[in-house]
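Student: Take a look at the letters that make up each chain.
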Amino acid sequence: MTSLRNKYFSFLTRTSLGWNFKKGRVSRRNLWSALLFLSPTLIIFATFIIFPVFFSFYLSFHEWNMFSSETSFVGLKNYSRMLSDPDFWQVLKHTFIYTFGTVPLNMVLSLMIAYLLNQKLIGKKFLRTALFAPVIISPVSAAVIWRWLYDPNFGLINYFISLFGIDTINWLNDPTAAMFALIVMGVWKTFGVNMVLFSAGLQAIPDSYYDAAQIDGAGRWAKFWYITIPLLSPTTFFIMVMSMISSFQVFDIVYVLTSGGPLGATKVLVFYLYEHAFKFFEMGYASAVAYFLFAILVVMTLIQVKYMKSSVYDVV
Amino acid sequence: MTAGKSKKNQMSKIGKSVLLHLIIYTAALATVAPFIWMILTSVKSMNDIFVYPPKWWPSEFHFENYKRVFEAAPFGRFYLNSIFVAITVTLGQLITCSMAAFAFARLKFWGRDVLFFVFLGTMMIPYQVTMIPSFMMLYWLGWIDSYKALIVPGLASAFGTFLLRQFFLTIPKELEEAAYIDGCSRFRALWSIIIPLAKPALATLAIFTFMGVFNDFIWALIVINSEEMRTVQLGLAIFRDRYITEWDLLMAGSVTATFPILFVFFFAQKYFIKGITLSGLKE
Amino acid sequence: MSKSFISYLIILIFLIAIFSCNTSQKITEDKITITFWHSFVSSTIPALNELITMFEKEYPEIKIRAQYIPTGDALIQKLITAVQSKTAPDISWLHSDFMQDLVEADAIYKMDEFIHGPDSISQADLNDIYPALIRYASWRGVLYSIPMEATNLALIYNKEMFRQAGLDPEHPPQTWEELHDFATKLTFDKDGDGKFEQVGLFLPIFPAAGPLSSWMVWQWLPYLWQADGEIINEEQTRVIFNEEPGVQALTLWQNIFNDLKLNTFTTDYDVAFASKHLAMSMDGPWNLPRFEKMMANLDWAFAPLPAGPKKRATVVGGEYLAIFKQSKYPNEAWKFLRWIIQPEIQAFWSMKSGYLPIRHAVSKIPEFQEYLNSHPNFKVFVEQMEVGQAQRPIDYYGIQITRYVAEAIEKATIGKMDPKMALDEAAIKANKLLSMVPREK
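Protein chains in written order, with my numbering: chain A, 365 to 680; chain B, 12 to 294; chain C, -7 to 433.
Keep in mind that a hint or two might mislead.
[Said to hold, decoys possible] Listed next, the in silico PhoX-like pairs over lysine-lysine satisfying Cα-Cα at most 25 angstroms (straight line):
| hint | chain 1 | residue 1 | chain 2 | residue 2 |
| --- | --- | --- | --- | --- |
| 1 | C | Lys151 | C | Lys317 |
| 2 | B | Lys210 | A | Lys489 |
| 3 | A | Lys484 | B | Lys78 |
| 4 | B | Lys78 | C | Lys285 |
| 5 | C | Lys285 | C | Lys371 |
| 6 | C | Lys78 | C | Lys408 |
| 7 | A | Lys488 | B | Lys24 |
| 8 | C | Lys102 | C | Lys327 |
I should point out that these hints are in silico values taken from the structure, not numbers from a laboratory.
Could you build the full structure based on these sequences and the hints that come with them?
Tutor: As structure tokens, this is what we get:
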């Protein structure tokens, strides 16, 4: 039993990345059937996604005010302007802070809640729906409520912290506090997504493993650490990559809660991009920023891939 | 086991259960409270809304706000549009993403990993820069102001493909391999073996896709012109302009806009309840 | 699962069959249809429909198809895609934000072509329009749009709170000193918990990068002008908002902001006013209909903005209509624009919609005068049009320069920076941009 378990873990740790095929025999027939299975997706992608992606790359070397039908070539000017703009580096810093503030918190919280929801509970359906509600609610409505929660005079949050003897914090008007406030709202708004994903992942783990471990004398923590976590790794990898990508691209909630303020303290990358595109009508520059973001995300994803590959779960 | 020990075990079990319920219901309350606020505000009069600090309970109930929403614009038609588009795209994605995910998870072919990374890469470009060129694409196809513009680009998804691929990877190959030996075709394997086992993942994808399409504003804004083709989110925009927000109507409209999503979520939850286990594994 | 799946498929096919026939446009053969894009909020739509019906009665061969487009960024994005896909409307709302870009893309007509064309407008008529509006409707001195309605900024105040504070309710603040003084007197903390239950004046301080940023600058401009300042010099070579008048105006705001601890106050001034937490605020006429309904039991009134050290001024806004070159019927579109600026039509539209008329002649119409007398608050706004000023339009980099001003305002208030320093920082950035403008001599 133990050896099968270990074999299974090593299988899953490697296949979470999908690199588990024997090198060598790549048959023609496989390519043909692969194409068949991929064809609907590939056709749609080729038509609607590849062109915009390449066109925006092309645009990043031009200037275009979007109303006219002409673009003017400017070479690397957009990129060099971006790298020499102190605003840009500030914005990049804020984005990193936001991402590293929300992603770990989000993942831990959503895993904990998904795990708790897997236990014997009354009213699971209601609970899941209630915990998922923040994801459904529109950013505008959510921001109205959070702005009230953060109100310096009458907000609930300041009320709670005053019970612990802490002075009121001006959440949305203080540059440091605002980022914190944004992170909290960001986690609240999106943890439901990961909770659902983790729930689905947890369902896929067969009870027989837990039963076997129980017989072996494993306690709750051991079961969690040695069965749940490894078997969740494909899901975890997915969640980590997607959370990182979407945190880096956060826009909606920043726009409605703080609008990049106060004093630009919560301005993030896509916000910066958006204003250059639709306020200053510099779509070429905005595209350059988009591709810089793309490069960052590629690097970060590769780092995560390497991390998943090298983390080994107690395998013989 | 002595009687005393089992009683102690029972007490601590109940205690743990109570604690668990307390924690999770508090969390659920914190997350659902804003939603409740929305619903309460949707039946308030503007007098109750224009209060600082904000008040929770309405002093009088104005259920006719919902009627007024439907009178302000042809929301019935907007709903039909939104639901039709959302269902079509969801079903379409379930099909295309399962097929693509199967190829990435199960078939070994030349360029597989590179292609997969290209897929992932497309998610890393923010939509704000690709939306104008995407629009141009649809214009050249002549699809502006039609259902095709809202549906077809959404039929494939890198997110959905990625999601399903990860799930398919957790299903042991042994099951299909047994079927292949019996002469089963690849497609049959996908349909009869993988799909039933991946129901939680498919339900998850269905929820996210439905919600994403239903809540979309920007894309509908730029590809739709005529009023008959508008979606609910476009319709709700009429309650806000530069200076004024008609909160009572906006909240009422927003609440009704969440019902279809909640419905799909509730319905899809049955796939989250543990049922099917991988009984085919030899031990 | 397969059974329900199949039933879904059937329903789907059924729906597709129904809806696929529905994308055809209704074309009325005998009439010329003009598309008109606007962002009027739902409560104004009935008035708009009445207006259109009136027009169509006078011009039976023309039909106006008014389409609501969400305002702000959405309007911009829609116009971009429309112009690119050659589906631009005939007429659309415009803001000076993007007028320059539309002109550079050669997307809209110069109004001159029509003014001196067959359906002309006399010079007298043009001169009757408030000059501030003509300024906003032009770019580099050329008229590219026609104003449809106007707005300006006035002061709303709570008379009851004035009485309670020992101030004369019929004497709203007339100078900056009175404004500051009254605001301080009207601010107090009843229960000693350090928070002000009532605040004397609201100052619109919003994030400089956010959607309300230009509205913040718009409300600061009157103070700049009242000190006899301007944003940019006449030659458009450098900005002058960081000179003495600008510093004075920003210092006033900084002082009030700090004294009233406005950084802990809500930004929903209308809510605060209606729930008796705010004594004074600036606002435009667009809220009048709502306020009259909602605050019927509050003793409030509008007053002109106080005068500054040098003069009285208020800032003027409004909606401008432009005709797109892609229009198939520019002359018919022009007929609508020309029709709208007539005094009787302006009077009708103004009384119905709550916006202000665009020209002097309207005030002479007896019906309108009656309306003004029975709506004293509205009268305040109409009278202020006489001192209404539009900013000297910034020919190039207008948006960026406005943004720098917004940053300076934010820094001086929330950031507690010295006003001169904040404005100087903004001026350096603005002048750098201006130095890149090609100068033709």
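Student: Against each hint, give a clear statement of whether it holds in the structure.
Tutor: Structure-based check of each hint:
1. For the given pair, lysine 151 (chain C) sits about 51 angstroms from lysine 317 (chain C) by alpha-carbon distance, which is inconsistent with the 25 angstroms threshold.
2. For a cut-off of 25 angstroms, the pair hint linking lysine 210 (chain B) to lysine 489 (chain A) stands: about 17 angstroms separates their Cα positions.
3. Taken as a hint, the lysine 484 (chain A) and lysine 78 (chain B) pair is broken in the structure, with Cα atoms around 42 angstroms apart against an allowance of 25 angstroms.
4. Of the pairs offered as hints, the one joining lysine 78 (chain B) and lysine 285 (chain C) holds, with about 20 angstroms between alpha carbons and a cut-off of 25 angstroms not exceeded.
5. With a C-alpha separation of about 18 angstroms, the suggested pair lysine 285 (chain C) and lysine 371 (chain C) falls inside the 25 angstroms cut-off, and the hint holds.
6. For the given pair, lysine 78 (chain C) sits about 49 angstroms from lysine 408 (chain C) by alpha-carbon distance, which is inconsistent with the 25 angstroms threshold.
7. Pair hint lysine 488 (chain A) plus lysine 24 (chain B) holds up; C-alpha atoms about 19 angstroms apart against a cutoff of 25 angstroms.
8. For the hint linking lysine 102 (chain C) to lysine 327 (chain C), the alpha-carbon distance of about 15 angstroms falls within 25 angstroms, and the restraint holds.
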